[in-house]
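Just so you know, the sequences run in chain order E and G.
The numbering of the first sequence is the numbering used here, which starts it at 1 and goes up by one.
The numbering of the second sequence is the numbering used here, which starts it at 1001 and goes up by one.
Derived from the structure by calculation, the hints contain no laboratory data.
Glycine included, each C-beta is placed from N, C-alpha and C at the ideal position.
Keep in mind that a hint or two might mislead.
[To be verified] Non-contacting residues of chain G with respect to chain E, defined by C-beta distances greater than 12 Å in every case (computed):
no.	residue
1	TYR1019
2	PHE1064
3	MET1104
[To be verified] The list that follows gives simulated cross-link-like pairs (lysine-lysine, DSSO-like), each with its CA atoms no further than 30 Å apart:
no.	chain 1	residue 1	chain 2	residue 2
4	G	LYS1002	E	LYS245
5	G	LYS1028	E	LYS301
6	G	LYS1078	G	LYS1002
7	E	LYS148	E	LYS346
8	E	LYS301	G	LYS1002
9	E	LYS62	G	LYS1078
10	E	LYS245	E	LYS301
11	G	LYS1002	E	LYS373
12	E	LYS399	E	LYS323
13	E	LYS245	E	LYS374
14	G	LYS1002	E	LYS62
15	E	LYS160	E	LYS323
16	E	LYS346	G	LYS1028
17	E	LYS462	E	LYS373
18	E	LYS279	E	LYS168
19	E	LYS462	E	LYS374
20	G	LYS1028	E	LYS399
21	G	LYS1002	E	LYS374
22	G	LYS1078	E	LYS346
23	E	LYS160	E	LYS374
24	G	LYS1122	E	LYS160
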Amino acid sequence: MSQRPERLYDASDFAAGVTHTDEADVIIIGSGCAGAAAARVIAGAGLDCIVVEEGPWYPLEKRRSDTWTSFRSVWRDSGFQVARGRTMLPMLQGRAVGGSTVINGAIVHRIPEPILQTWQNEYGIGDALTTSSLTRVYDTLDAELSVKPGPDDILGQNNKLMRIAAEKGGIRSNVIQRNVIGCEAFARCLQSCPNGRKQSMDLTFLPYALQRGSRIYSMARADRIVSQGGRASGVDCTVLAADGKPTGARLQLRARKAVIVAASAIQTPLLLAASGIGKRSGQVGRRLQAHPGSSIMGVFKEPVHMWFGATQGYETTHYWAEKMKFETVGVPPEVGAARLPGYGPKLMQRIGEFGHVAQWGAQVRAEAMGRVKKGIFGGTSITYDQTNADIGRLKIGLKRLSNMMFDAGAVSVFPGIHGMPEEIYSPKEFDAIDHLPDDPRIFHGIASHMFGTAVMSADPAKSVVNPMGECHDLPGCYVADSSIFPTNMGVNPAHTISAIAWLIAERLV
Amino acid sequence: MKLTAFEMHWLLTILATIYPSNAHPRLKSGAADTPVQHFFADVFATAPWLPLLGIRAAIWVITFCPLLVIGRFSRFHKLPEPDRLRVIETLGHSNLYPVREMPMLIKTIGGMGFASMPDVQKQIGVDVAVDMPAWAQRNEVRS
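Excised from the complex, chain G in its bound form (with noise of 0.2 Å):
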């Protein structure tokens, strides 16, 4: 299973919202500062095919569910940044359990690459050596 060109667009977008850059003195990086979206293309050629289908529906309802969440006609990622956060802290507040179970699936699997990232971890103040992640490394050979 693969995510599409437009699939990974809207993901990084909601990715970028969840972990944004330049929200912290030190932690200067976000999601959108990091090859987070190798991560995700390893993630989906790897993990099965359940985990992946939540993943993808998850990334399907943020992006269709303004107009219901926040009364907006708009895709996620055409949203104002201020609005997309809305989104995601209503859903992830939401008394639902498989709604706000969306977001934090993507928070999750999200943050399980950006913060991997030697650099991310750095400006955190973790101190000690850690590696480059094997999926940015062949990453990085490749380009």
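So here's chain E without its partners, still in its complex pose (with noise of 0.2 Å):
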């Protein structure tokens, strides 16, 4: 897909001062996990669809292997998005055609029992979302998306060692499963995959719905949802140009069944607000919810080479009851330079034996609960503040991941925690981290997965949207992606995100 394909408009090239206008079936906004899987059902059923995409489409030619070309062209802010609280916490987006599943780890798995059935019980999701819907669902993007594990031979030394480990200490794990075709073991999933043989919506479901007669415009930002007659009738947008400022050209999309908002955690809630959705919850933009993580690095004596392997290849969800899942982290040099202790020729000295380096991460179910809201200035502010508790479980974490890290054989590890020593060479050293405070500014960490900004429920008075996706407020207004999500998942959640558009698009058709 390296040449741009029909209908695939970039809408920075229109005329300053010009607006432009189209009409379809279904106007979704956003083309990640959610927005794609939705066109995939809206256009497999023959209706006329055009998804609308802040960011730019990212050709394979034009992808590097270093991070900051990626972070330049295609996440969000740079890859400088953060949430304020004690700590400035990374919020790690996409922003491109595919939305972050160009830039995410390929990890797929469906949602926990445990998590369904509180939706149902207790948020009146009811016949909505159902087991048996959710795995029929799941089974098709299985296999549209060739979800399978990796195999051993492109797994890489990083997440072997984790197995050794698990398999040492009694530990539930597996190698993850990944919506990859020819995996060649570049761990460059972050860095966009710039071999193209991770099964992201700009690779599948996009080129699926284009070749239906779908249309996408990309750079083009949607501003307000539209309304005529009680009923969502469509999207205006500011057309932007590659520095992500207005052109002068604006796109007007008129819809003559549904709009389908798909625009994440972060920038839908800020949509509705704008079109003055939700009003009467009170709930836009509220009860944010993430996984929030950190890593540890553990230094061993034979070469682990993070370079080669699924990037995050291998996890374990046995402690997921206790609100945490761990899962490997290989991160070229670039990235790596900067987890490693110290400064100066002590700095040196371990970037010049990261090929010996191995990263694992932890992530927990964490039960804060943030806030998107437009910022003073015009951009966005979020708010996310780790509670004591979710401070807790990290620590627990870390140190189940350090004794990890010594049962496959480190030599030592770096904790990465301000507080404890720079470099570690026993499980029980870590011990230390007991008495650190419950604070979240002595790690370095980072939040993916971002739910719940617009939260789907059968209550009106508590909620944005029905057990359907569709707005309280205004029919034919649906929202598919994880905003709707009543709380966060303990797992990765781009699958559910693709299985629950899939089932609202589903109902349009």
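Two chains, two separate frames, one set of hints: put the complex together.
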């Protein structure tokens, strides 16, 4: 897909001052795992569909193996998006045709049954999302996106070491199910998979929809959902230049049947608020949930070579009930350099031995709830502060990971935690973490997987959309991304986001 | 937003302290041996203003903090190398979160430039083909 496909329009080519118009049965805002899955269903059913995307189309020939080229091209805010709390917590998202699937680790999970039960019992989701309906869609997604565990020959040592540790400790674990075809073990999933092996939405469902007559407008930011006769009737968009500034051109899209918002748990509430949707509930932009996490590094005698193997190829959900999940996180030297401890000659010594370093991460099903709203300077304001209980879990998680590292044969571990030694040589030394405060400022964390800023439930007083994904306030306007999830999940959500968007779209055809 | 020539000079001195040359038998290159100024020019041409403000603040604070941090009445880039490292390490180990994040911010972003160069990766032992980053490529063409 290196040549621009037919009907994939770069809106920044539109002349300034001109308003471009188009019309379709369904307008979809956002082209990530939700929007693209909805487009797959709508186009597959023979309906006319338009997808509008704020980010650029990122063809394979433009992709590079280095991290910054990917950050500046397809990560939201060039990778600098943060949530404010006691720390500045990076919140990672893609901004491209294909959304975050272009830059994610291709990790596939189904919704854990206890989470679905909570949604059904406490949020009145009832028959709208059942195990059987989800299983049917998951099976289809698995087949169409080539989901399978990676073979051993592309696993790489970073992943194999976690397997060794898990087997030794009797910890339930597995090779990660990934949506990849012919992975070349390049360990550059997060750098947009320059080899084009990851089955991201720009290479799968979006081309499928384009081939069936759908149109995609990239570089167009949805500003407002418009309505007519009390029903959603379209979307007004600002056209953006490559630098993200408005070009002066406009895009007006009209929907004959429905508007589907699939812009992510960060962007969707901003769009709903700007459109005056969901005000009555007071829930738009609230209840932001996530999976914050941190990582540790271990030094091994034998080479690890994180640059070879699936970026994230091995995991354990053994401690899921305790609200934590561990997974490998292979990073290239330009990212690992900053994570290694120290400065100056000591740091360079460690970078020089980077080939012997492994990195694994712990993510927490956090109870913290944050907020998304428009910032005072027009940008996005995200506030999110992990609770003490979340930090307590992260501390336990990192300690367990450290034990696993030593079980796998690590000579030493870099905890990367303020108040602890830079390097420890035995599992016992990690006990020092018990004496540290439950304060997020001691870690270098990140948060991925955002949920819950336009929550769904049967009760219009407490939610933005009903269990079918339709806004209580505005018939014909559906929300299909993770902003409608009542809670976080404790596992990677992309597959479930696609599955729920699929089910919502199915009800429209 | 752009860095001025003197801010860039300060920044390069800080980077050369964090990532010095000839500090490892195989990894000879440090930040000063790579075109990391082009990388930061690209960062400042691309990233949102708020993180850029953070980087700029970190550059200024590190440049003018030696008196407070190690009792030396000098700007950072005028200090001898061991004192520069002492300043960075003291800030980096501070119990105040915003203070220790300043050298960390420059280390993190600078590392993304410095350590992405194919030659540096080769010295680290990376044995797969990696691309010349787009920012370095553009400047190769220009020069």
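Determine which of the earlier numbered hints do not hold for this structure and return their numbers in increasing order. Violated: hints 1, 3, 7, 8, 9, 10, 18, 20, 23.
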